[in-house]
Amino acid sequence: MGKTIMTVDDSASVRQMVSFTLKGAGYEVVEAVDGKDALSKLGGSPVQMIITDLNMPNLDGIGLIKEVRTNASYKFVPIIMLTTESQDSKKQEGKSAGATGWIVKPFKPDQLLAVVKKVLG
Amino acid sequence: MNGSELDKGKEAFKEEANELLTELETSLLELEERPADEDIIGRVFRAMHTIKGSGAMFGFNEVAAFTHDVETVFDEVRNGKISVTRELVDLTLAARDHIRALIESSETGEAVDEARANEITASLRKLLPDIGSHEDTTSGNTDTIERAVEERSQNSGNITYRVRFKPHADIFGNGTNPILLLNEIRTLGECEIIAHFSDLPLLNDIESDSCYTWWDIILTTGHGKEAINDVFIFVDDVCDIDIKSIDIGAVLEGEADYKKLGEILIERGDVTKEDLRKLLGEQKRLGELIVDAGLAKPDEVQAALAEQKHVRQVREKRQKTESASSIRVPSEKLDTLVNLVGELVTVQARLSQTAIQKDDPEIILISEEVERLTGELRDDTMSIRMLPIGSTFSKFKRLVRDLSNDLGREVVMLTDGAETELDKTVIEKLNDPLVHIIRNSIDHGIESPEDREKLGKPRHGTVHLSALHSGANVLIRIADDGKGLIADKIRDKAVHNGLISSDADLTDKEVFSLIFAPGFSTAEKVTSVSGRGVGMDVVKKNIDALRGTVDIDSTPGQGTTITLKLPLTLAIIDGLLVKTGDENFVLPLASVEECIELTKEDVVRSHGRRIINVRDEIIPYIKLRDIFMIYSDTIDIEQIVITEQEGCRVGFVVDYVVGEHQTVIKSLGSVYKNVDGLSGATILGDGTVALILDIQKLVHFVEKEEAEV
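Protein chains in written order, with the working numbering: chain P, 1 to 121; chain H, 1 to 709.
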């Protein structure tokens, strides 16, 4: 069975694009609409990687990362955040919260897959 | 780079660009057949990328700028954003032609068709999915080119880097797996990774969440330092990264050696110079000494040794590849070389003859040695001039494509034996005849798609171009699966044009060969490509000039096959040396079948008609004595050399058959150039001249004379 990646984003179109790309490359994908949704879904089937947006309602990306890192079974899971270029400070914040890496929006499917490969192997 | 170097660079670029453009054309045509093949798309992209990159480097800015637009489109194709369509291939082919025109115009100074260029660019841009980014592409043009150049210069040589990767203890905390980073580094090039465990604490003190290991990586890569930095882009604040280039690929030092172990350790700051100097008095191996003295940890020494080994290997490999590379030589130099070898063969023949006459064993020994060496030298020199015929074939792919478009035919061209080698001169002279034949095949042979369907054939016709070796000859076959030749129609036309008399008794094959006669054309109407009645006789003339033959075969409704038989080389042939009276003649050995005796009785038995019965086959013969008017005394037993040409056998009567002779062909001077029946002359070992007979022309000459009588 392929590795499972969770994509967390409030924008349906971004989720769709990420999901489509990853499924095309043979990964299983779990979608979550915001941080809160993500946390609840993490309790279900195990997830090997998380790709999350930063600006989201309910629980934002930074919050999600912090929460995930407190969970023993997700302490070392790679987390990639989606940022825009103007969010340099956010990037720093995310990193100190425990994000593994980031992708700058807008990105191409190839770039996404390259990053996934980089952190997930 | 000074002026003349720049010029040289420009020349090199033009040559390179021409090759790339040819490659581009081939790839595009293949791409049309297999539009989804990523490999081909990659090739197209690479070709354009290189043209752009090197173009900018040598000041072909227009080329670079124009190519950039095309490349942009193919970048999208490569990314799967645009799919390959016929329109795209058409445009890219047009763009390719324009690039060639741009490069040529820099030489001739002729103006290029700017309007056409803009048209192509505009059409290409329409294909781009994201219209918003256009402004960007134009303004960012020079930028991209510069980057391309930079990338290229980085790629031109592999550089070896030493990367020290020391993750902080908390690196796992953000989900990073250092092993994956090392794996990624491995994909960049040849690399050696040494793990250091010296920071590992005692078991009691180990925290399972912390990273204690660090690595030294020796990497040889053409991707540049940026690529290495990119690997560690996510971790730059949770580890220490130190990248140093330790071996620059471009400068090749005389030896494959690399720094001594001590130097490496000092440079890395692992050991100081003074410590090292103190140690050097002792006789142990340096690595052991350093460890023993506790100056550096064993794994540090190990890492330094690995670096030394790695760099040495890289350098050795580079030396090997550099020495195996090829050089370009102007073809005139080769021509001169072939001429010289020709002279040498002649002189060697003289030496052999003199040696035998003097009967001095020592000189004979030397002359035999020279003979062997000359033979090797001749073969080698000839093989240098040999080129695979494939380059010509790929040109025809384009021709077939354009022609079938113009004529509304659907034609697929297949090629075989592209690796068959032929003398460069032969290949060059073969171009025009092949163009004519292929044009004829498509215009006269292949039916329109609708007609083909009615006949139950596949819609698209096939032109099969193949080349193969056959003895000292190369056979080139052009076969189509069109309607074939209709013998009666050709005969009527030939009679009408006065080429043959209406009661001539000809086999189908003889009738077919009439299409090569001057002034023959059967096409009902003249099209732009064929039907003027000049094509096929030009073919025949050109092939004759190459000492080749043309053979035609056809089945009505199934297609026509034209076979060209060409000698491997033009400069030296194997000949049969014969003597009549005091004159020497050479017959091309390739067409000689056998030699038999002709006695006076034989002549009497055939009542003076010049024919002889050879194993129940009646063979006509020609007396060289008569043709060349040699009036010396005849001898009792003459020899007949039986030759085969165009499927018919003819004998040549001579006084003596001397034997095989390596014949260096010298052209006859302008006075004798137009004498029928002679294709050249050669100089024999004793300095006398022997004429080389053109068997086919000689036979025609005699036929004509007899017809007049």
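Quick caveat, the hints were computed from the structure, so don't treat them as lab data. Hints may be right or wrong, so weigh each one.
[Unchecked claim] Derived DSSO-like pairs: lysine-lysine, alpha-carbon spacing no greater than 27 Å straight-line:
| # | chain 1 | residue 1 | chain 2 | residue 2 |
| --- | --- | --- | --- | --- |
| 1 | P | K108 | H | K81 |
| 2 | H | K317 | H | K278 |
| 3 | P | K23 | P | K108 |
| 4 | P | K117 | P | K3 |
| 5 | H | K540 | P | K117 |
| 6 | H | K273 | H | K424 |
| 7 | P | K91 | H | K273 |
| 8 | H | K81 | P | K66 |
| 9 | H | K81 | P | K95 |
| 10 | H | K273 | P | K90 |
| 11 | H | K166 | P | K108 |
| 12 | H | K166 | P | K91 |
[Stated by the list, open to error] Restraint-style ranges between C-beta atoms, simulated for each label pair:
| # | chain 1 | residue 1 | chain 2 | residue 2 | range |
| --- | --- | --- | --- | --- | --- |
| 13 | P | K3 | H | R116 | 49 to 59 Å |
| 14 | H | N431 | P | Q111 | 39 to 49 Å |
| 15 | P | G121 | H | H460 | 28 to 38 Å |
[As the list claims (entries may be wrong)] Partial list, derived from the structure: chain P residues whose beta carbon lies under 10 Å from chain H:
| # | residue |
| --- | --- |
| 16 | V14 |
| 17 | I80 |
| 18 | G98 |
| 19 | A99 |
| 20 | K118 |
Even glycine gets a Cβ: it sits at the ideal position worked out from N, Cα and C.
- Could you tell me which of the hints above the structure violates, numbers in ascending order? Hints 2, 5, 6, 7, 8, 9, 10, 11, 15 and 16 are the ones this structure does not satisfy, whereas the remaining hints hold.
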